[in-house]
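There are 4 protein chains.
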Amino acid sequence: MAGIGVGLVGYKFMGRAHSNAYRQLPRFFDVDPAPRMAAICGRDESGVREAADSLGWPSYETDYRRLVERDDVGLVDVVTPGYTHREIVLAALEAGKHVICEKPLANTLAEAGEMLDAARAAGTINAVCFNYRRAPAVQLAKKLIDEGRLGTIRHWRATYLQDFIMDPEFPLIWRLRKELAGSGALGDIGAHSVDLAHFLVGGISEVTGMTQTFVKERPLEGSDGETGRVTGWVTVDDAAAFLARFENGAVGTFEATRFAAGRRNKNAFEINGSKGSVAFDLERMNELEVFFVDDDADVQGFRTVNVTEPGHPYAGAWWPPGHIIGYEHTFVHTMKDLMDGIRAGESPAPTFEDAYRCQAVLDAVERSVEVGGWTKPELGGI
Amino acid sequence: MAGIGVGLVGYKFMGRAHSNAYRQLPRFFDVDPAPRMAAICGRDESGVREAADSLGWPSYETDYRRLVERDDVGLVDVVTPGYTHREIVLAALEAGKHVICEKPLANTLAEAGEMLDAARAAGTINAVCFNYRRAPAVQLAKKLIDEGRLGTIRHWRATYLQDFIMDPEFPLIWRLRKELAGSGALGDIGAHSVDLAHFLVGGISEVTGMTQTFVKERPLEGSDGETGRVTGWVTVDDAAAFLARFENGAVGTFEATRFAAGRRNKNAFEINGSKGSVAFDLERMNELEVFFVDDDADVQGFRTVNVTEPGHPYAGAWWPPGHIIGYEHTFVHTMKDLMDGIRAGESPAPTFEDAYRCQAVLDAVERSVEVGGWTKPELGGI
Amino acid sequence: MAGIGVGLVGYKFMGRAHSNAYRQLPRFFDVDPAPRMAAICGRDESGVREAADSLGWPSYETDYRRLVERDDVGLVDVVTPGYTHREIVLAALEAGKHVICEKPLANTLAEAGEMLDAARAAGTINAVCFNYRRAPAVQLAKKLIDEGRLGTIRHWRATYLQDFIMDPEFPLIWRLRKELAGSGALGDIGAHSVDLAHFLVGGISEVTGMTQTFVKERPLEGSDGETGRVTGWVTVDDAAAFLARFENGAVGTFEATRFAAGRRNKNAFEINGSKGSVAFDLERMNELEVFFVDDDADVQGFRTVNVTEPGHPYAGAWWPPGHIIGYEHTFVHTMKDLMDGIRAGESPAPTFEDAYRCQAVLDAVERSVEVGGWTKPELGGI
Amino acid sequence: MAGIGVGLVGYKFMGRAHSNAYRQLPRFFDVDPAPRMAAICGRDESGVREAADSLGWPSYETDYRRLVERDDVGLVDVVTPGYTHREIVLAALEAGKHVICEKPLANTLAEAGEMLDAARAAGTINAVCFNYRRAPAVQLAKKLIDEGRLGTIRHWRATYLQDFIMDPEFPLIWRLRKELAGSGALGDIGAHSVDLAHFLVGGISEVTGMTQTFVKERPLEGSDGETGRVTGWVTVDDAAAFLARFENGAVGTFEATRFAAGRRNKNAFEINGSKGSVAFDLERMNELEVFFVDDDADVQGFRTVNVTEPGHPYAGAWWPPGHIIGYEHTFVHTMKDLMDGIRAGESPAPTFEDAYRCQAVLDAVERSVEVGGWTKPELGGI
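Residue numbers (our numbering), protein chains in the order written: chain B, 1 to 382; chain Y, 1001 to 1382; chain C, 2001 to 2382; chain E, 3001 to 3382.
Looking at chain B on its own, in the form it has when it is part of the complex (with noise of 0.2 Å):
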C-alpha cells in the first residue's frame, strides 16, 4: 500500500474538515491506496504555516501552482472559494493530477464546463465534494429506491434551511458577493439538496424559481462604531425556491434559505414513492424515517431506521449499534470512495459531469427567475 501524496488547496472550514478525513480514513477503513498528507497550500504564509501544524500536514506551498507540480502530491484537493476554483483545477489537471474540488464546482456554468473539458482531457479521476450523499442514511435511502423497494418515484421535496445572516448587522462577507460567490443560498446550500435530488432521484428537465434578498444592504467586513460603519450591497439571493420536474415524471420542490429562524443546519428531504417513503433531516443525520405501502394495516407508520448497524452503508466501520456519527464522517466517507475509485481507475460520483449537471441546474433556475417562467437545464457542455 504505497498510498498517494495529497495536496490540499484552501485551509479554511473545509480545509479542517478535508484534512479531518484523510488523517481518520486509514484508521476506520482499509484503504488502497491511502492517502499520504503531503502539504496544504495557501497564500497567507503565517496562516498556511500554522493550519500545516495544527491540522497535521507536514508542509506547505503558499502558491498551488508550486503545489500541483510537486512530485509528491498525486491528489490536489480544492477547498477555496467558488470563484478560484476553474484556474486551481485546470492547473492540477494539467500537471496530470488526480482532482477533488469542493463543490460548488465553479461559480458560473461556462466556468465548469472548462473544467469539465479539461478533466475529460487529463484522463486523471475527478470528483467533487457533496459530501451529504455519503451520510449512510442518505445511502440507505439510495439502496431502498435502486432495489425497488419505494417503488416509483413521485415527489421530492427539499428544504435546506439556515439561519446565520438573519441580523442586518452580520457583515458583508465573501459568501454575499456575487463577484465570489457566485450566488447565495441558491448556490451554497440548495446545491446540496439539487445533488442530492440527482442522486436520489434522477435527472431534472426543468425548472422554474424565485430569489429574495430581504437585507440588501450591510456592513463591510471590519467596518464598526470606531472607524465608521460603512455599508455595501448585498448582491446574491438570501433565499431561493424553485419547482422541478424529473425526467422520470417525479415532481419537486426546493428551497434554500439562510433566513429561517431557528434552522441552524436544516438539509432536509422527503421522498415519497408508490410503494414507499423516506425522509431525512441532516440535523438528525443518523436516522431516516422511512414508510412502506405493505407493512401491515394495523402498523403501518414511518418507522425511526437508526442508521448505526453493521450492515448499513459505511457504518460497520465506526462503533456498535446505537452509537452516532457526526458530521465530518461524510467527508471521511467520501475519500474513502476517492481512493476506491482511484485504484480502480473510475471518477467515483458525483464526478465533474455529475457537478456540471447540478450547476445547470443552478442556472436554469436563475435564468427562470430572470425570465419568470419554466427554463431548462443546459447541458451541451457535457
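I should point out that these hints are in silico values taken from the structure, not numbers from a laboratory.
One should not assume that every hint holds.
Over the 10 Å line for every Cβ pair with chain B, so calculated as not near, a few chain E residues [claimed, not checked]:
(1) Asp3063
(2) Arg3284
(3) Pro3320
Label pairs and their in silico Cβ distance ranges [said to hold, decoys possible]:
(4) C:Gly2148 with Y:Gly1316: 43 to 49 Å
(5) C:Trp2174 with E:Ala3297: 22 to 28 Å
(6) Y:Ala1034 with C:Glu2217: 41 to 47 Å
(7) C:Phe2013 with Y:Ile1382: 45 to 51 Å
(8) C:Asp2294 with E:Arg3066: 48 to 54 Å
(9) C:Asp2294 with B:Glu114: 52 to 58 Å
(10) C:Gly2311 with E:Glu3147: 37 to 43 Å
(11) E:Ala3297 with C:Gly2249: 53 to 59 Å
(12) C:Gly2232 with Y:Gly1316: 25 to 31 Å
(13) E:Gly3316 with C:Gly2232: 31 to 37 Å
(14) E:Gly3203 with Y:Asn1248: 54 to 60 Å
Everything numeric in this text was worked out from a predicted model, so none of it was measured.
Quick reminder that beta carbons are idealized off the backbone N, C-alpha and C, glycines included.
For this one, chain B is given, so just place chains Y, C and E on it according to the hints.
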C-alpha cells in the same frame, strides 16, 4: 337566548362534522345565539332520514329550496360537493338567510364572484368553513404574529400531504372529476393552505405553479371483475405545487398531494420571521413549535408548546392542560365564532370575500400552469 | 332500542366528561341499549341545576339516595371524589342498578372489597372508568400483545407526570388531603398506570416503592393576603415510584408525580417483548410507537403509527385516517363497551374486581413504603 | 509543548475509541500537555501489532508491566475488561504514572477501594472514563443546574436501554459471566446512569433495587452445530432497576437492560427542578430538551436545543452550528479535560473517588436485591 335555527344541506363526512359542531357547541361554550338544529337536507330520502336520526336533526327536507324557505331556519349551512354550492347558497341568500358554506366556496372563480355579489346584496352574515384556522395552535400562531413576537414575516412553507388515492385501483370518485370537483389536490387540500397563508401572512400577490396527475385512468365506481372493469379518465391534478410572493414581501412555497405514501393528513406549515418561527402539523394539531431569536443563546431551540392551557385560544373551554382535543373541535370553534358574528352583525373571517381571494389564488395557480409563468390573483371581483 | 336510563352522581370535571360521552355515544356508534340521560345529581342545588342545563340532563336530584331509586334510572354513574364512592355505589347496587364508578374505586382496599362484595351480591353490571384503556392506541397495543406479535413480555415502564401543583402557593385542595383523596399522585394518576399494566402485561405479584412530599405545607383554599394567609399540611404524596414483578416473569417500573416541570399530562408507557416493543404517550394519544425484531435488518426502527385507520380499534367510527380524536373520546369508548356489556350481561373490564386488584397494588406500594421492603398485593378479598 | 507520553493497555472497542481521542485531541483543541502516543499493550502479539499499526501507535508491548515502566510513558490508560483493572492500575500507580481507567473502575467495591488508596498514595493524576459526562448536551444540563436555572432538583429518572443480547442464541460472552464482568446491565450501562446522576444531581443516600436474568443459559462462544452446541449459565443480570434517594432530597429511578427491543443505545435521563426540566437521549446526543417554568405562559414547552453553538460546551472547537458531532467525540473531550488536569495538577472528575462512589451505589443495589430492602452506599473506603 332564543337561538338560531340551522338548516344543513348535505349529510356525508362534512355533514357529520358540522352536525357534531352544532350539538357540542352549547355544551362547552356560552354562545348567544345558540344554534338550534332545525332540519337537514339531502336528495335521497332514506339517506337523509337516517342521517337526521343519527346526527340529531328533528326534521329533514329532500329539496334545498324548501329548506331555505323554512321559517325556523335562520342559518343555512352548505356541505355538499363544490359544484352544487352556487345554486344552494344563492337560494339561501335570496331567502334572506345567514349562510356558512364549506370550502371551496365554488369550483370556479366566476361562481365565487357571483356568490360574493349575492352575499353583499343580501346583507346577511356569510362565512366559509376553512376550519383549520380554528385549531388552537393555529390561533396561537396568529396571536404571536399579530403581537409582533415573530417580527417581520419572511417565509411561508406549506405542505398538505395525503395518500388515500395512491392505489391505481382506487375508483374514479367525484373528487377526481373536474366537472364535479373543480380541481384535485390543489382545490381540495391546497385551498386550506392558501387560506392559512392568507390568515397568517397576508395577501398573495403572484404565483407560479405546476400540477401533475400520476394515475390518469381509474376504474369507475362499482366497476369490478364481475361486471367487467370499466375505466374513466382522471381529469384533476393528483398533486400541485406553487411558489408565491406575498404583498408584504414574504415568499412562500405550497404543495398539495394525495400521493405522499404514509402521510395520512399532513397539513403542515412553517413560518419564519425576523424574530422567530412557528411550525404546525395537523397530525399533531394540539402542538405548535415555536422559536424565538431572542431566547438566551445557550438554550435556543424550537419549543413544543402543548396548546391546551386555559389561556390558549378556545382551549379553556375544554379539558385541563395536556388533555388533547381532536379534529372535530375545529368545527365547534368555527361555529362558536359564527354565532358571535351573527350576534355582532359582522361576518366572521373567512368570509365569502376571503374565500374569493383564496379561489383567486387557486385560479391564478391554474392559469400559471397553463401559461408556464407567474400570474396574479384576479381580485377585480371584490 | 329502548335504551337505558342513566343517573349521574357528580358534575365537575368528570361529570362533564361522562355527560359528553353519553351525548356523543349514539351519534357515532350503533349501541343497544343506547344511554338515555335521565338525571344528574349533586348536593348543591343551584350548581346541579346549572350543570343539568349545560350538560344536557333533563332533570336533577340533590340526594343520591333519590337518584338511585328512580325508575327511569337503570345505570348509576358515580364521578364524585373517591371518599364518597362507597356509600353511593352501595346504595345503587342495593337498588338493583348497574353501576359504573370513576377510578379509584375507593380510597382504601377495605372499602373496595366491600364494594366488590356488594357488586357480586347485586349481580348487576359493574365497571370502573379507567378510561385510558380505551384510547385506540392502547387497544392496538393490547391487540399486538394478544396476537403474540410482541412475543414474551419482559419489561413494563410507566411514568405519569404532571406539574400542576408545583407552585408552593397552589392551595391545599381536597386532592392533597389524605382523608378525602386517599393518596396523592400514587392513587390519582399512578392508579391509571397500574390499570394499564394489568390490562397489557398481567397481574403484579410484588412491589417495593417510595413516596415523597416536596411541599409539605400549603395555603388553605380561600386563604389570601386580605383574610390572612392560613396554611395546612399536605398529607398525601407529591410523587411516588415503585418497582414491580409481574406474575408472568416480566419486570416493571412505575413513577407518578405532580412535580415534573413541563409535563402537563404525560401518561406514558413502554413495553418490551421478545419480538417487539410498543411505546405510548397520552400527550400524543393518537400515536403508538411500534418496533418489531423481525423487520428487515436495514429498516428496523420504531414506527409512529397514527392510530386513526378504519381498522384500528374504535377509530372507524370517527373520522378519516390522520384526523385525530381527543381526550374525551376515551370516555365515549368506555360507555360503548359498557352498553355492550349490559346487553351481553357481562361486566366489561375493568370491573370492580379489576379495580380491586389495582387498589391492592396501590395498597401494597403504601405498605412497602412503610416497611421498606417488598410486599404483595392482598387479593384475599377476591 | 513537550507533551505527555501515553501508554494504552487494551485495543478492542475502547482501545479504538481512546486511540481516536488521542489522535484527534490536538487537532481540535489547544492542549498543554499534548498527548504523545507512545505505546499500546496487549497480550496477543499479532493482535496488538496490528492494532498499533491501524490505531496509530509507534510501538507496542505485550506485558503491561513493561509498559508502565517505560520512560516515555507518563500516562497509562487502561481499557481492558473490568476484572483486570486492579492489577494494571496498581502497577501503573506504583510506577508513578498518571492513570485514566475505563469504567467500571473495578468489579467489586473492595477492589475499587484498594485502587483509590493506591491513587492517593501515588499522588499522580487519576481519572475514570465515564465519557458521557462530556457530551456537550450533558455539560449544558450541568451548567443550567449549577446556575440555578432549573431551581431545586426534585426528580431524576434514567433509563439505559439496549437490546443486543435478546437472541437466546447470542453466545455467553465475557460480559455475561460474573467472574469476569462483575455484573451485567447494572454495572456495564447502569454505571453510566449512576455517574451522570452523581454529576448532575449529587450524592445518592439510599437505594432499593431488583435484577432479572431472562435468558439463563446460552451457547458457549465458538460452540455450534458442527462441534456440538455446548451451553453455560449466565451469571449476571440482563436487567436491573432501582429507586434512589439523593442527599439533597431529590428522588430518582434507574433502569438498565439489554432486553429492550429496538433500543440500541438509549442512555436517557430527565431531571425536573422547581424552575425547569431537562431531558437527554444519547441516540440524539447533540440535543437537549429544556423547559423553563418562567417562560411566557402561552409559549411554554420543551425546547429542542441543538447543542452545537459556539458558546456551548466543547462545541466551538468543532463545526458550525447545526453540524453534529458523534459518539467518539465524548472521548476527545474526556482527554481534553484530562490534559488540563495534568497541567493543573488536579485530577479531573470523575476521579477514582467519584468512581468509588459510583461503585458503592452499584454495590448497594446488589445488596438491596439480596436483602429485599433499602441499603446505603458504603463510603467508608473514602
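Results of checking the hints against the structure:
Every CB of chain B is more than 10 Å from the CB of Asp3063 (chain E) (nearest about 25 Å), matching its label as outside the interface. With a minimum CB-CB distance of about 7 Å to chain B, Arg3284 (chain E) fails to clear the 10 Å threshold, and the non-interface call is violated. Distance to chain B contradicts Pro3320 (chain E) as a non-interface residue, since its nearest Cβ pair spans about 7 Å, not more than 10 Å. Between Gly2148 (chain C) and Gly1316 (chain Y) the CB atoms are about 45 Å apart, so this pair conforms to the stated range of 43 to 49 Å.
A beta carbon spacing of about 25 Å between Trp2174 (chain C) and Ala3297 (chain E) agrees with the range 22 to 28 Å that was offered as a hint. The supplied range of 41 to 47 Å is met by Ala1034 (chain Y) and Glu2217 (chain C), whose beta-carbon atoms lie about 46 Å from each other. Against the hinted window of 45 to 51 Å, the Cβ-Cβ separation of Phe2013 (chain C) and Ile1382 (chain Y) comes to about 47 Å, which satisfies the hint. Checked against the hint of 48 to 54 Å, the pair Asp2294 (chain C) and Arg3066 (chain E) passes, with Cβ atoms roughly 50 Å apart.
A hinted range of 52 to 58 Å holds for the C-beta pair Asp2294 (chain C) and Glu114 (chain B), which are about 54 Å apart. For Gly2311 (chain C) paired with Glu3147 (chain E), a C-beta distance near 51 Å fails the hint of 37 to 43 Å. Taking the beta carbon of each, Ala3297 (chain E) and Gly2249 (chain C) are about 47 Å apart, not inside 53 to 59 Å as hinted. The hinted window of 25 to 31 Å between Gly2232 (chain C) and Gly1316 (chain Y) holds, with their beta carbons roughly 28 Å apart.
A hinted range of 31 to 37 Å for the beta carbons of Gly3316 (chain E) and Gly2232 (chain C) is inconsistent with their spacing of about 52 Å. Between Gly3203 (chain E) and Asn1248 (chain Y) the C-beta distance comes to about 57 Å, which sits within the given range of 54 to 60 Å.
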